[in-house]
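Enquirer: When you get a sec, could you build the whole thing from the sequences and use the hints?
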Amino acid sequence: MMTALLDGMAQLFTLMTMITMLLGVIAGVIASAIPGFTITMAIVLTLPLTFSMPPLQGVATMLAVYVGGYSGGLISAALLGIPGTPSSVATTFDAFPMSRNGEPGRALALGIWASFFGALISAVVLIIAAPPLALIAVKLGAWEYFSLIIFAMTVVASLVGKSMLKGLMTGLLGLLIATVGSDPLMGVPRFTFDSELLANGLPFLVVLIGMFAVSQLLSEVESTSEGTRDNQACMPGRVTFHPMAALRETLSYPVNLIRSSMVGVFIGAVPGAGGSIANLLAYDQAKRASKHPEAFGTGTPEGVIASESGNSATSGGGLIPMIALGIPGSAVDAVLMASLMVHGIGVGPRLILDHGDLVYGMFMAMLLAAGMVLLVCMCSMRLFLRVTEIPKSVIVPVVLVCCVIGAFALNNRVTDVYLLLGVGVLGYILSKLDYPLAPLVLGVILGPIAETNLRRALMTDDNWMLFLTRPISLALLVLAAISILLAIRHHHRQRRIAQAA
Amino acid sequence: MKTQPTHSFDTTHSLDTGSPEGEPLVPAGRANPLAHIMLNGILVVLFGYFFLQARDLPSSMWEPLGSGSFPRLVLGLLMLINLAIIAKELRNLKGRSPGAKGQAAAWIWRHRLAFAVLGLLAGFILALPWLGFAVASFLFIMLGQWMLGAISLKQPCIKKLCIAVVIAVVFSFGADALFRDVFVISLPRGLLG
Numbered sequence: 013m014m015t016a017l018l019d020g021m022a023q024l025f026t027l028m029t030m031i032t033m034l035l036g037v038i039a040g041v042i043a044s045a046i047p048g049f050t051i052t053m054a055i056v057l058t059l060p061l062t063f064s065m066p067p068l069q070g071v072a073t074m075l076a077v078y079v080g081g082y083s084g085g086l087i088s089a090a091l092l093g094i095p096g097t098p099s100s101v102a103t104t105f106d107a108f109p110m111s112r113n114g115e116p117g118r119a120l121a122l123g124i125w126a127s128f129f130g131a132l133i134s135a136v137v138l139i140i141a142a143p144p145l146a147l148i149a150v151k152l153g154a155w156e157y158f159s160l161i162i163f164a165m166t167v168v169a170s171l172v173g174k175s176m177l178k179g180l181m182t183g184l185l186g187l188l189i190a191t192v193g194s195d196p197l198m199g200v201p202r203f204t205f206d207s208e209l210l211a212n213g214l215p216f217l218v219v220l221i222g223m224f225a226v227s228q229l230l231s232e233v234e235s236t237s238e239g240t241r242d243n244q245a246c247m248p249g250r251v252t253f254h255p256m257a258a259l260r261e262t263l264s265y266p267v268n269l270i271r272s273s274m275v276g277v278f279i280g281a282v283p284g285a286g287g288s289i290a291n292l293l294a295y296d297q298a299k300r301a302s303k304h305p306e307a308f309g310t311g312t313p314e315g316v317i318a319s320e321s322g323n324s325a326t327s328g329g330g331l332i333p334m335i336a337l338g339i340p341g342s343a344v345d346a347v348l349m350a351s352l353m354v355h356g357i358g359v360g361p362r363l364i365l366d367h368g369d370l371v372y373g374m375f376m377a378m379l380l381a382a383g384m385v386l387l388v389c390m391c392s393m394r395l396f397l398r399v400t401e402i403p404k405s406v407i408v409p410v411v412l413v414c415c416v417i418g419a420f421a422l423n424n425r426v427t428d429v430y431l432l433l434g435v436g437v438l439g440y441i442l443s444k445l446d447y448p449l450a451p452l453v454l455g456v457i458l459g460p461i462a463e464t465n466l467r468r469a470l471m472t473d474d475n476w477m478l479f480l481t482r483p484i485s486l487a488l489l490v491l492a493a494i495s496i497l498l499a500i501r502h503h504h505r506q507r508r509i510a511q512a513a
Numbered sequence: 015m016k017t018q019p020t021h022s023f024d025t026t027h028s029l030d031t032g033s034p035e036g037e038p039l040v041p042a043g044r045a046n047p048l049a050h051i052m053l054n055g056i057l058v059v060l061f062g063y064f065f066l067q068a069r070d071l072p073s074s075m076w077e078p079l080g081s082g083s084f085p086r087l088v089l090g091l092l093m094l095i096n097l098a099i100i101a102k103e104l105r106n107l108k109g110r111s112p113g114a115k116g117q118a119a120a121w122i123w124r125h126r127l128a129f130a131v132l133g134l135l136a137g138f139i140l141a142l143p144w145l146g147f148a149v150a151s152f153l154f155i156m157l158g159q160w161m162l163g164a165i166s167l168k169q170p171c172i173k174k175l176c177i178a179v180v181i182a183v184v185f186s187f188g189a190d191a192l193f194r195d196v197f198v199i200s201l202p203r204g205l206l207g
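These protein sequence lines are chains A and B, in that order.
According to the numbering used here, the first sequence is numbered sequentially starting from 13.
According to the numbering used here, the second sequence is numbered sequentially starting from 15.
For the record, the hints were derived by calculation from the structure and aren't laboratory data.
Because the structure is a prediction, the values reported are computed rather than measured.
There is no bait here: all hints are sound.
Derived pair list, reagent style BS3-like, types lysine-lysine, alpha-carbon separation capped at 30 Å:
1) Lys115(B) - Lys102(B)
2) Lys108(B) - Lys174(A)
3) Lys102(B) - Lys174(A)
4) Lys115(B) - Lys174(A)
Incomplete in silico selection of chain A near chain B, CB under 8 Å:
5) Leu185
6) Pro403
7) Val408
8) Asn424
9) Val426
10) Arg467
Idealized CB from N, CA, C, for every residue including glycine.
Expert: As structure tokens, this is what we get:
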């Protein structure tokens with residue numbers, strides 16, 4: 013372990029890696045400060061830039077964007093009352109009132125420190141939890157792996173969106189998309205219809221860019237009743253910082269900080285439940301435990317600390333299942349996983365055994381990125397405030413061009429760009445009808461793993477009952493059934509409440 | 015074209031999947047369930063066709079499943095879910111009255127910018143191989159900025175036009191040079207061949 017850690021650090025602490033990480037942090041903060049521009053989009057668009065980098069440098073740069081992104085959403089949440097990303101919704105509850113009460117600098121500084129400690133705590137938990145979990149995971153057979161994927165898919169389908177049926181539909185659609193192209197065991201072409209476009213399958217990253225970036229950007233340009241808050245926004249000129257006072261204030265709520273960070277880590281590790289749930293849950297828990305719950309929503313520091321440490325801690329939590337099991341918990345983790353695959357590194361429980369230097373380098377990169385975010389935000393917050401003023405009329409065409417570059421650069425194929433357009437249109441239709449897109453993306457990346465393990469299990473022994481008689485496999489399938497039943501119960505309860513109302 | 019406001023956000027959906035807050039997903043009345051029924055109806059037919067196609071995929075003497083079984087399993091489940099959604103939306107449809115006349119047209123009008131940008135994107139992508147990345151993306155960014163209101167032909171402003179041109183040059187010719195010279199990835203050259 014020590015050798016791997018030192019190897020990872022040697023690769024990480026090079027000038028070029030540090031520079032690209034710093035640029036990644038800045039890009040992440042800027043991207044998530046722009047309302048409507050999400051962390052997922054930022055990570056997706058960073059990916060093509062990392063193709064020519066060594067694996068650790070590429071992943072570390074993307075992790076920097078990831079960690080920076082969770083902190084950047086704070087800026088527009090605190091000063092404009094608009095969450096830059098869905099993961100900073102709860103930040104608006106107290107950070108914005110605090111800014112409106114004439115303390116925007118305090119709100120920002122508290123949020124930055126809370127984000128830093130959240131990311132730090134999550135990185136420590138990741139370092140402690142991932143290696144032992146991976147050692148257990150390497151002992152799992154094909155039956156357990158297939159059941160694990162079923163469990164992950166059902167949890168994602170039941171957690172995202174308003175309807176589990178729709179979540180399951182898009183998850184299965186993702187699995188179907190993954191079957192296009194060559195069969196993973198026999199190499200037989202499937203659903204290609206002798207078309208050059210489909211011959212190599214539908215590349216995961218093109219699907220991801222189309223689904224998340226193109227469809228989201230199209231939604232952004234609709235003529236909606238928006239932008240009504242400019243008159244309420246806090247002007248950047250009024251912001252004054254007292255970082256050390258904010259640090260002391262943040263540390264004066266140690267229980268809140270640790271509890272919210274642990275909520276973030278746990279939620280991040282659950283497939284499908286990312287920062288958007290973590291920040292609300294951490295905020296709710298802080299309010300329940302507070303001696304002054306009535307102060308929540310009026311600009312209390314407890315609320316800002318809970319929300320920001322909760323959402324930032326999901327970054328480390330999300331990496332636990334990805335590194336230990338090869339199961340990405342969110343679309344962002346799926347992109348990180350894909351970036352490793354682009355470099356020819358197989359992701360799964362053997363990752364930590366075969367590429368220990370890379371994994372420990374990633375752990376260190378998380379810690380380093382958290383420190384860089386702190387530094388960057390404290391030094392240049394006023395500059396980032398200007399970012400929120402960039403009009404959508406500039407952002408949309410520029411980001412669409414970046415999407416096209418990303419889709420093309422993966423395989424140098426124009427056909428992938430045509431595919432991007434098709435997937436973007438499909439994603440737009442699905443999102444307009446309220447179908448969640450995250451299960452689809454996870455389905456695309458988990459599809460080949462699920463199929464390979466199912467077929468391997470049955471090649472070993474064609475008895476289907478083994479899925480139910482092997483204890484871990486059974487436990488995972490029972491958990492999958494429970495997650496579906498809980499979602500159905502929740503749905504019925506919501507319907508009864510709605511009918512009663 | 016009207017200038018678009020700077021900000022929009024969505025607090026109603028997690029994981030970046032939804033549409034902006036307050037915006038009806040489709041026109042009110044029966045349109046929403048009908049849209050679901052149409053989409054899932056089309057998908058059932060499509061998945062049924064794929065299911066039949068998957069039956070022709072070869073089996074293997076080394077394994078019980080073969081290359082067609084997993085897709086058939088997924089397609090079978092998908093069709094069941096599509097039918098369940100259709101059944102659910104049919105129940106929703108019964109309780110609703112038809113929406114007011116002209117709602118569909120109003121909905122399309124509200125989404126005109128999205129459709130226009132989509133059309134422009136399609137044109138950009140189709141023109142990419144023969145115009146080349148640099149020229150096509152320059153034109154796309156300029157037209158996109160005009161379409162979304164960053165520059166206006168009716169009330170031309172030299173400063174805004176200069177900013178728009180600089181942005182377009184940086185992200186077209188600049189990006190082309192960056193990828194070619196720094197990342198050694200050659201984007202389509204087209205006219206600049």
